[in-house]
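Chains A and B supply the protein sequences, listed in that same order.
The first sequence: position 214 = 214 (the working numbering), numbered continuously.
The second sequence: position 85 = 85 (the working numbering), numbered continuously.
Hints should not be assumed to be uniformly reliable.
Claimed, not checked - Covered stretches of chain B, as calculated for chain A (at least 3 residues, CB under 8 Å):
{"no.": "1", "region": "301–311"}
{"no.": "2", "region": "473–482"}
Stated by the list, open to error - In silico DSS-like links for lysine-lysine, alpha-carbon gap of 30 Å or less:
{"no.": "3", "chain 1": "A", "residue 1": "K115", "chain 2": "B", "residue 2": "K296"}
{"no.": "4", "chain 1": "A", "residue 1": "K123", "chain 2": "A", "residue 2": "K190"}
{"no.": "5", "chain 1": "B", "residue 1": "K567", "chain 2": "A", "residue 2": "K123"}
{"no.": "6", "chain 1": "B", "residue 1": "K289", "chain 2": "A", "residue 2": "K116"}
{"no.": "7", "chain 1": "B", "residue 1": "K99", "chain 2": "A", "residue 2": "K86"}
{"no.": "8", "chain 1": "B", "residue 1": "K55", "chain 2": "B", "residue 2": "K16"}
{"no.": "9", "chain 1": "B", "residue 1": "K55", "chain 2": "A", "residue 2": "K86"}
{"no.": "10", "chain 1": "B", "residue 1": "K55", "chain 2": "B", "residue 2": "K294"}
{"no.": "11", "chain 1": "B", "residue 1": "K99", "chain 2": "A", "residue 2": "K115"}
Hints in this document: simulated from the structure, not taken from any laboratory.
The structure presented is a predicted model; accordingly, all values stated were derived computationally and were not measured.
Built from N, CA and C at the ideal position, the CB exists for glycine as well.
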Amino acid sequence: MNIVEVKNLSKSFMQGDTEIKAVDNVSLEIAEGEMLAITGQSGSGKTTLLNLIGGIEEATEGEIFIDGADITLADKDELARLRRQKIGYVFQDFNLIPILTVRENIIMPLLLDSKKVGKRRFKEIAGYLGLENRLDHLPSQLSGGQKQRVAIARALINSPSIILADEPTGNLDRKMADEIMQLLIGLNEKGITILLVTHEERYANMCQRKIVMRDGKATCETTPAVPQTSQ
Amino acid sequence: MSYLIYLKRSLMRRPKRHLSLFVILTCAFILPLLISIYRDSSAYGTEQMLLDWTKGETFHILNAAEDDVALFENIGGLSEPRYEDGIIYLHILSDDEWKNFDSFNGYGFRISGVIDSMAETCLTVRAFEYNYAHGIPDDSSASEQSALLILNLFIILLSSLVVGSAYKSHIRRFSSDMGILRSLGAEDRQIYAIFIAEFAVVFAMSAATAVAISAGVMKLLFAAYLEVDGVDGLAWVIFRMNPLNTALHIAVFFAVLLVVILRTLIKSSRESAVSAMREDIQSSEMKNKLPKMKFKATPEKSLASLWLSRTNKTYAGCLWVSVPIITVFLFLFGYLSLDADFISEAPEYELWITKDATFGGFAREDIDYIKSLPQVESVKCLRDAPEEIFNQATDGLMIDQIRIKLTSPGLHKEVESLLSSRFTGMEYTIRNFQAVAEQGAEMSKGIYLMLAFIFSAMFLFAAIIIYMKLRDYISDSRKTVRTLSTLGASDKTVTSSYLRQSAVSAVIATAAPAALSVILLILAAIPAAVKPSPDLRLCAVYLAVSALTVGAFILPVYRSVKEILEKRGSGI
Numbered sequence: 001m002n003i004v005e006v007k008n009l010s011k012s013f014m015q016g017d018t019e020i021k022a023v024d025n026v027s028l029e030i031a032e033g034e035m036l037a038i039t040g041q042s043g044s045g046k047t048t049l050l051n052l053i054g055g056i057e058e059a060t061e062g063e064i065f066i067d068g069a070d071i072t073l074a075d076k077d078e079l080a081r082l083r084r085q086k087i088g089y090v091f092q093d094f095n096l097i098p099i100l101t102v103r104e105n106i107i108m109p110l111l112l113d114s115k116k117v118g119k120r121r122f123k124e125i126a127g128y129l130g131l132e133n134r135l136d137h138l139p140s141q142l143s144g145g146q147k148q149r150v151a152i153a154r155a156l157i158n159s160p161s162i163i164l165a166d167e168p169t170g171n172l173d174r175k176m177a178d179e180i181m182q183l184l185i186g187l188n189e190k191g192i193t194i195l196l197v198t199h200e201e202r203y204a205n206m207c208q209r210k211i212v213m214r215d216g217k218a219t220c221e222t223t224p225a226v227p228q229t230s231q
Numbered sequence: 001m002s003y004l005i006y007l008k009r010s011l012m013r014r015p016k017r018h019l020s021l022f023v024i025l026t027c028a029f030i031l032p033l034l035i036s037i038y039r040d041s042s043a044y045g046t047e048q049m050l051l052d053w054t055k056g057e058t059f060h061i062l063n064a065a066e067d068d069v070a071l072f073e074n075i076g077g078l079s080e081p082r083y084e085d086g087i088i089y090l091h092i093l094s095d096d097e098w099k100n101f102d103s104f105n106g107y108g109f110r111i112s113g114v115i116d117s118m119a120e121t122c123l124t125v126r127a128f129e130y131n132y133a134h135g136i137p138d139d140s141s142a143s144e145q146s147a148l149l150i151l152n153l154f155i156i157l158l159s160s161l162v163v164g165s166a167y168k169s170h171i172r173r174f175s176s177d178m179g180i181l182r183s184l185g186a187e188d189r190q191i192y193a194i195f196i197a198e199f200a201v202v203f204a205m206s207a208a209t210a211v212a213i214s215a216g217v218m219k220l221l222f223a224a225y226l227e228v229d230g231v232d233g234l235a236w237v238i239f240r241m242n243p244l245n246t247a248l249h250i251a252v253f254f255a256v257l258l259v260v261i262l263r264t265l266i267k268s269s270r271e272s273a274v275s276a277m278r279e280d281i282q283s284s285e286m287k288n289k290l291p292k293m294k295f296k297a298t299p300e301k302s303l304a305s306l307w308l309s310r311t312n313k314t315y316a317g318c319l320w321v322s323v324p325i326i327t328v329f330l331f332l333f334g335y336l337s338l339d340a341d342f343i344s345e346a347p348e349y350e351l352w353i354t355k356d357a358t359f360g361g362f363a364r365e366d367i368d369y370i371k372s373l374p375q376v377e378s379v380k381c382l383r384d385a386p387e388e389i390f391n392q393a394t395d396g397l398m399i400d401q402i403r404i405k406l407t408s409p410g411l412h413k414e415v416e417s418l419l420s421s422r423f424t425g426m427e428y429t430i431r432n433f434q435a436v437a438e439q440g441a442e443m444s445k446g447i448y449l450m451l452a453f454i455f456s457a458m459f460l461f462a463a464i465i466i467y468m469k470l471r472d473y474i475s476d477s478r479k480t481v482r483t484l485s486t487l488g489a490s491d492k493t494v495t496s497s498y499l500r501q502s503a504v505s506a507v508i509a510t511a512a513p514a515a516l517s518v519i520l521l522i523l524a525a526i527p528a529a530v531k532p533s534p535d536l537r538l539c540a541v542y543l544a545v546s547a548l549t550v551g552a553f554i555l556p557v558y559r560s561v562k563e564i565l566e567k568r569g570s571g572i
């Protein structure tokens with residue numbers, strides 16, 4: 001069953017009098033439990049495609065189905081609910097709230113959804129990501145790798161249908177980046193669907209499938225020869 | 001040269017920031033300048049009133065005829081007598097003798113001796129000390145002048161602290177510039193020089209604008225309503241602006257502000273170049289021990305409680321600015337309303353006619369004449385002791401004063417003219433209290449207009465600072481707003497959480513000044529034995545000020561959050 005279906009999706013911006021097509025007639029499908037990489041050079045449109053799927057940006061044309069519902073028809077509040085309940089986001093810049101502790105950052109999606117914190121689930125996630133000793137720290141007191149672990153924990157807390165990860169290794173050194181990739185692969189092995197945007201071939205090749213984007217178009221779709229590995 | 005280039009670029013690059021600083025400084029100047037102009041005008045008015053009253057002479061001999069002049073000629077040490085409109089004027093020739101109490105009294109006795117030597121004369125003498133005759137007021141006027149000066153210095157000091165707080169927000173927007181300059185090897189004093197030069201330029205423009213606005217508005221208000229020259233019972237106030245006083249105020253303001261600004265610059269220079277370039281300001285201001293996050297009934301309430309407990313420092317700063325300013329305004333309004341009511345209060349008896357007791361009081365026919373006038377509703381006849389009031393004149397009693405109540409107050413000029421033509425002698429004095437009340441009513445319009453002007457300046461001053469601080473606060477929260485939105489918080493949830501936080505301060509900003517101003521008003525009214533009572537005008541003004549204050553706290557937050565949410569698609 002497909003969790004995400006994108007049909008003939010386009011997104012244009014006006015730069016002065018010139019129309020820039022950031023995403024140009026892209027179609028793709030992501031099956032439940034799949035780990036898909038979108039790769040390409042800077043400015044190729046991969047982050048815009050991710051933001052369109054996440055309902056952060058509005059499409060100019062086309063349809064996006066998440067769990068069978070067309071989100072291009074949804075209003076702002078419905079999109080917000082979708083992000084709260086079905087999507088977990090992980091960013092290159094971590095996007096942690098600076099005035100909240102690690103614990104509070106992780107449970108923020110629950111607060112926004114007026115849900116209680118399940119202590120077992122919280123403990124399980126914090127333990128899996130190795131954050132037990134950092135829960136009362138502020139983001140400014142963490143390393144880059146730790147910040148990204150917090151972001152992943154936050155993305156997982158609401159048990160989303162899919163995790164959208166936008167260059168999650170972009171701000172990290174190689175060792176940390178490898179660690180984060182292994183965590184994502186591990187999550188995927190637990191059955192979580194992951195859409196990964198990365199410009200690093202090495203990490204794209206760790207996914208089950210990859211789509212290469214150029215000038216807003218999905219130019220080719222391949223299945224990497226190197227199988228994904230988890231530690 | 002490089003300073004000038006940076007200065008030019010800085011002014012051009014962030015014109016809105018510099019414009020805000022310019023408006024804040026201009027508004028901060030206005031109240032001290034208004035007080036300074038009032039002080040100069042009051043001093044000048046008092047001087048003119050004394051000169052007009054004394055005519056610069058030592059002795060005024062009243063009820064005189066031109067033939068009496070010869071009696072006062074060739075008195076040693078005194079000027080030759082001068083006759084004008086029934087009064088003979090003389091002055092002591094030597095200033096030292098005039099200033100000396102004994103010789104001043106000695107000359108007074110000599111004049112009285114001349115008068116006493118005459119049989120059946122109605123001449124009376126009035127003597128003026130040296131200071132009065134030279135327009136120098138008594139100690140009470142001098143202490144009022146000193147009190148106004150001290151008040152002004154206090155206002156300048158307070159305004160400087162408030163401007164300092166606004167400047168802190170201003171300089172924070174340039175902290176990355178400072179960090180870059182420092183990392184390029186600029187010394188602290190070079191950085192201070194750049195920012196002080198920039199401040200001096202804005203200050204000079206603000207000072208010039210504030211002087212022009214204050215002088216223009218006060219001149220118009222004085223000309224139209226406030227200028228009093230020649231009305232008994234009211235202190236004279238004539239528009240005057242002493243350039244030296246104005247320059248002194250500007251110099252003191254600049255000196256105090258320079259200290260405040262240097263302190264701000266030195267504090268910000270203590271940050272390292274790296275932290276100055278860092279943009280995450282909020283978390284650097286967080287306390288070590290954080291209050292616990294509470295889950296409330298709705299996400300909006302939970303978030304608002306979080307902001308209130310963690311990031312409310314900006315609002316505390318806004319309250320330190322708005323509460324004193326609005327309290328002072330509400331107090332001024334209440335106090336000046338009492339004053340305006342007092343000076344414009346309709347008199348019970350519009351006209352008073354008094355006869356000098358030495359002439360034997362009013363005759364029965366005088367009283368009957370006044371009563372017979374169709375414009376007169378009733379009269380009250382008094383002897384020289386005001387507490388002895390008689391409702392009806394009785395033969396054999398010496399009536400010194402007749403108070404006249406008119407059928408309509410508007411007839412006062414007509415009746416005054418009738419009385420003046422009947423009671424023509426020097427022994428009669430006619431006082432028109434209705435005319436004084438009408439002038440008072442005219443003045444009170446001026447007082448309210450002046451209050452509106454003061455309020456506009458003060459409120460603009462506070463509102464811009466609040467606007468700057470709250471815009472900066474929300475701008476510093478940009479990352480939080482966008483992250484929340486990405487995590488699935490609806491626009492309504494995010495906006496409402498910040499508005500709830502703002503509303504708490506808005507309520508304090510409206511309630512605290514109302515309570516404080518009422519207390520101040522009661523305290524201020526005690527010495528004047530006036531009991532301030534709730535009045536519709538004060539309530540209306542309070543409601544209007546409250547609405548503006550709530551707007552000042554809510555609008556910048558609403559607009560800023562909305563802007564961030566609208567731009568969220570262009571990069572989180």
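A quick look at each hint next to the structure:
Residues of the region 301–311 of chain B lying with their CB closer than 8 Å to a CB of chain A number 5, which satisfies the three-residue condition for coverage. With a cut-off of 8 Å between beta carbons, the region 473–482 of chain B has 3 residues touching chain A; three or more are needed, and the interface restraint holds. Distance check on the hinted pair: K115 (chain A) and K296 (chain B) sit about 11 Å apart at the alpha-carbon level, within 30 Å; holds. For a cut-off of 30 Å, the pair hint linking K123 (chain A) to K190 (chain A) stands: about 17 Å separates their Cα positions.
Straight-line distance between C-alpha atoms of K567 (chain B) and K123 (chain A) comes to about 36 Å, which puts the hinted pair past the 30 Å bound. Under the criterion of a C-alpha separation no larger than 30 Å, the hint pairing K289 (chain B) with K116 (chain A) is consistent with the structure, at around 24 Å. Taken as a hint, the K99 (chain B) and K86 (chain A) pair is broken in the structure, with Cα atoms around 96 Å apart against an allowance of 30 Å. At most 30 Å may separate the alpha-carbon atoms for a hinted pair to count; K55 (chain B) and K16 (chain B) exceed this at roughly 56 Å.
Restraint check for K55 (chain B) and K86 (chain A): not satisfied, since their Cα atoms lie roughly 93 Å apart, outside the 30 Å limit. Between K55 (chain B) and K294 (chain B) the alpha-carbon distance is near 78 Å, which puts this suggested pair outside the 30 Å criterion. Restraint check: the Cα-Cα separation between K99 (chain B) and K115 (chain A) comes to about 89 Å, which exceeds 30 Å; the hinted pair is violated.
Hints 5, 7, 8, 9, 10 and 11 from the list above are not met by this structure, while the remaining hints are.
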